[in-house]
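Protein sequences, first through last, are from chains A and B. Numbering of the first sequence is given in the UniProt record's numbering, commencing with residue 1 and proceeding in unit increments. Numbering of the second sequence is given in the UniProt record's numbering, commencing with residue 1 and proceeding in unit increments.
Since the hints were made in silico from the structure, they are not lab data. Keep in mind that this is a model prediction, so the values were computed, not measured. Don't take each hint at face value.
Per the computed footprint, the stretches of chain B lying under chain A, defined by three or more beta-carbons under 8 Å from a beta-carbon of chain A, are [claimed, not checked]:
#, stretch
1, 39 to 50
2, 130 to 138
3, 262 to 268
4, 275 to 285
5, 372 to 382
6, 489 to 495
Cut-off 25 Å, straight-line C-alpha distance, at most; resulting in silico cross-link-like pairs (PhoX-like, lysine-lysine) [stated by the list, open to error]:
#, chain 1, residue 1, chain 2, residue 2
7, A, K199, A, K186
8, B, K411, A, K11
9, A, K103, B, K411
For every residue, glycine included, the Cβ atom is placed at its ideal position computed from N, Cα and C.
2 protein chains.
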Amino acid sequence: MGKEKKQELIKNPKGTRDWSGEDVDILEDILSQISTVFRKHAGKKLDTPVFEREEVLKGKYGEDSKLIYDLKDQGGELLSLRYDLTVPFARWLAMNNNIRSYKRFAISKVYRRDQPAIAKGRMREFYQCDIDFAGASDPMIADSEVIAIVVEVFEALGWQGRYTIKLNDRRILDGMFEVCGVPEDKIRAISSAVDKLDKSPWSEVRQEMVETKGLDPAVADKIQTYVVHKGGRDLLERLQKDEALMANAKAKTGVDEMALLFSYLDAWGATPNVSFDLSLARGLDYYTGVIYEVITEGSAPVAAISNGTTAAAQEQGKKEKKKLAEDEDRSNDPSVGIGSVAAGGRYDHLVERFRPNADMPCVGVSFGVDRIYSITKARLAKGEKFDYITSHSPDVYVMSFGGDMTAERIKVSKSLLQEGLKVEFAYKKKPKPQTQFKGAETAGAPFGVILGDEEMKNGQCRIKRLGIKDDAEREAGGELVTEGVLVKFENVGKECKRLLDELRITEGVAQLKVSDEVKAEEKAMG
Amino acid sequence: MGKEKKQELIKNPKGTRDWSGEDVDILEDILSQISTVFRKHAGKKLDTPVFEREEVLKGKYGEDSKLIYDLKDQGGELLSLRYDLTVPFARWLAMNNNIRSYKRFAISKVYRRDQPAIAKGRMREFYQCDIDFAGASDPMIADSEVIAIVVEVFEALGWQGRYTIKLNDRRILDGMFEVCGVPEDKIRAISSAVDKLDKSPWSEVRQEMVETKGLDPAVADKIQTYVVHKGGRDLLERLQKDEALMANAKAKTGVDEMALLFSYLDAWGATPNVSFDLSLARGLDYYTGVIYEVITEGSAPVAAISNGTTAAAQEQGKKEKKKLAEDEDRSNDPSVGIGSVAAGGRYDHLVERFRPNADMPCVGVSFGVDRIYSITKARLAKGEKFDYITSHSPDVYVMSFGGDMTAERIKVSKSLLQEGLKVEFAYKKKPKPQTQFKGAETAGAPFGVILGDEEMKNGQCRIKRLGIKDDAEREAGGELVTEGVLVKFENVGKECKRLLDELRITEGVAQLKVSDEVKAEEKAMG
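Assemble the whole structure, with the sequences as input and the hints as a guide.
Below you can see the structure in the form of structure tokens.
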């Protein structure tokens, strides 16, 4: 019984995962693509501690504060695990008051004591990958660059044409609510009801507004005339002609700046990926201007990707939404039912909460990397290819057949490593041939170097092509596949390097012969 | 007063740091060098959660368990922050019992509620960077590869000839204590006293053994005859001839396998960096075989780097040790007084603590990356150069002089980004020239693209070399430095790319002229 109890302990904490094998490699490749884009836009990395003083996080997340992990009071400071990367950045900006502007990016795990739902990508520990521009910007210039970054990231990830950046502005939204007659104290509540339109049909959202939140039904109906719209410049022009709306100062500023944003997005070439969507509200309190959210095939619901603005398209969209909402709960496919894959907006007053009069307006975006990973993995499983996902298999597996040639295998390995190759060999003095071939296969090494008693006497070893899967490759590989080719000990490093380069160029189906140069040398040497 | 209190909160937790600016870039470059070496040796990444279930960490760190950070009990599991990367790896191996062998590496922060001493590199949150080989190995094969990795890492970091791998074996040490007559229940205590010989002279260590730990003075004197020795094969041969020692089975196995290890290290070419040191004991309980620790210039004490085995060299070493121990506390130089920069060994029974009969012998090494960073930074400050440390400055700063050319600056930026360049520009509609030159200088951009009202009319803009520091560069830069050169809008991306490639090749002092090709084109176009 005591033993059984001990076994129980062997697990990772609930809502967390160990990243291993190809999963962590894919994740790393994704992160590397994203940070390359961040660097190109002059982003500078910031890496803050995993925990913050409790006071730093307090009162920053509204209702969600209950999801913060606190550390035990063991004497000294009271600490909590970071909930996102935005508040630590604001804390850092407040501490470094000599900084007037900063383009910071961060890639780290964040912590939320939420009910985990792994199929939906809701974990207690998960990665975020953020870039934020802090400091003054004339209207929409920095904002447009953040959106350009979103476009570049998803293009770099190979998602061309498969994602939509939903775009709105808090000022348009709030102005619109005012114009419709929403009482000021109900604006945030109604806003959060509107935000559910990506998951629920209008009838349900209206019900929530009227029945749960006590909104006048006539006001709700007026809201409907706005929030059903999405589009691009067409929607913008429509709003510009809406005299009631344009009479509201907030909404007018929002609409004017949205027009400016569109002209900048045109310059970035980003407009085709954007959908101006009056139903986008975003949960967080601290946004003050433009807001955005990225959805993709597999985001729930897929229908929301449609840019259609006709009534028919909307009807169709609603039906699809309904169906998808139903499917969502049943699905175990990690790429279905996943929420947005990136989101952000402008938040001009967060730093002031740490340093009054800080005057540090910010705009940024956070990529949901775990979700991006899940979708990528599902697409890989369907046979899609992404050229930035690289293999980390060893290049060469070094074997010996016969006596104890451990030192010789080490020497060969060293010469391969010196050529920059990735190398593996068995940790046995006299490993069996099948053990070594199995090891090479498991590792996925394309080449084997084989040491044998006979060849050793002549200072030679054999290079053999491994893991050949079809006849075309077999034929192309020639003697390398069947017998392997003999090379001198001192040439094995550079020859393996050459073969590997060739293999990479020809994707595994080419002249995998030993170079003439080496052959000549071998001959001369007898 | 309320306001003052608020200001107080703006700090990061004690014993932690925010990694920003060039610091985090240097750290990343170091980590990238290390993980490249790990990958070459077929290492696979593992990324475990920052916290573990409390029971996983309990009873694994002896006295140091008091330094573990616990999370508050907020309902659900009791959790603690990871203390190192080894125990989470063992937990993972125990969970995945289909795995028979694994080469895992990990790069993550670990947490110790210790008294911080920043000058000595002792933090509460710090990076570790580990590689461990789990699974069966014939004696010393895997062990030798770990040591080869240590060599390759420090060579990759540019520390050639400036580090020493101190090497010993728990079995030699324990056998030696037995032969000297240390009672079994005192062996770990005496072992930990011996471990202090890198910081304290023999007289003090002897005092601790005899007075604090109640060891027979005659036994202490016998221990001295062993632990003063360090060297290479010479020391090995000396021990092989020591009949008393060789009569002890443990010591004999240790010495025999050490001989094997040396032959493998010869094959790896790693022997010159190794010092067999009988005074190396290492704190952790769980080691069962070979142990090692890497010291460098700046490790305390520097004298320990000496490979000298003559009595005179030892005497000299002791004097230096004494002096350095005194200096250590006074010094604020981050490269002085820093402990070992890497350490590890074989631990064959840790996984069994999670899964009885797991039979998962392991050997590994942990790199103290924060310390490696501190030493690297100190060396950079002294003017040393490390070619793997790369600049992340933007390549081009895009400026405009005159009216609002924001959309045009964006278009130029986009064309530069498409060439893979790093780009920045001011977030003002009509930024002042001096603001932009200042911005470019602060960012460290080597090139500026300048848009002007006049040139725009001809569809042209100007590329200018920025940040020229001396006359040689000025002369080499020619017109690019003084006036800048005119290029067509559509050529600006590829021309900047070409200039930048040229600059990289020639390290900033070459023909920074516009290519003839583009010039011809410009002329044709008029």
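key: Pair hint outcome, K199 of chain A versus K186 of chain A [Cα-Cα no greater than 25 Å]   = 21 Å, holds
task = Confirm or reject the coverage of the stretch 39 to 50 of chain B by chain A under the rule of 3 or more residues with a beta carbon closer than 8 Å to the chain's beta carbons.
result = holds (count 11)
query = Under the criterion that the straight-line Cα-Cα distance not exceed 25 Å, is the pair K103 of chain A, K411 of chain B satisfied?
reply = Holds. K103 of chain A to K411 of chain B sits at ~20 Å (cutoff 25 Å).
task = Quickly compare the C-alpha distance for K411 of chain B and K11 of chain A to 25 Å and report which way the hint goes.
result = 52 Å, violated
inquiry  = Closer than 8 Å Cβ to Cβ for three or more residues is the test here. Does the stretch 130 to 138 of chain B pass it with chain A?
reply    = holds (count 5)
Coverage criterion applied to the stretch 489 to 495 of chain B (partner chain A; beta-carbon cut 8 Å; 3 residues) = violated (count 0)
key: Per-stretch coverage check for the stretch 275 to 285 of chain B, three Cβ contacts closer than 8 Å to chain A   = violated (count 0)
request  = Count residues of the stretch 262 to 268 of chain B with a Cβ under 8 Å from any Cβ of chain A, then say if the count reaches three.
outcome  = holds (count 5)
request  = Establish whether the coverage given for the stretch 372 to 382 of chain B by chain A is satisfied; the threshold is a Cβ-Cβ distance below 8 Å, and no fewer than three residues must meet it.
outcome  = Check failed, 0 qualifying residues.
The structure fails hints 4, 5, 6 and 8 (numbered hints given earlier, in ascending order).
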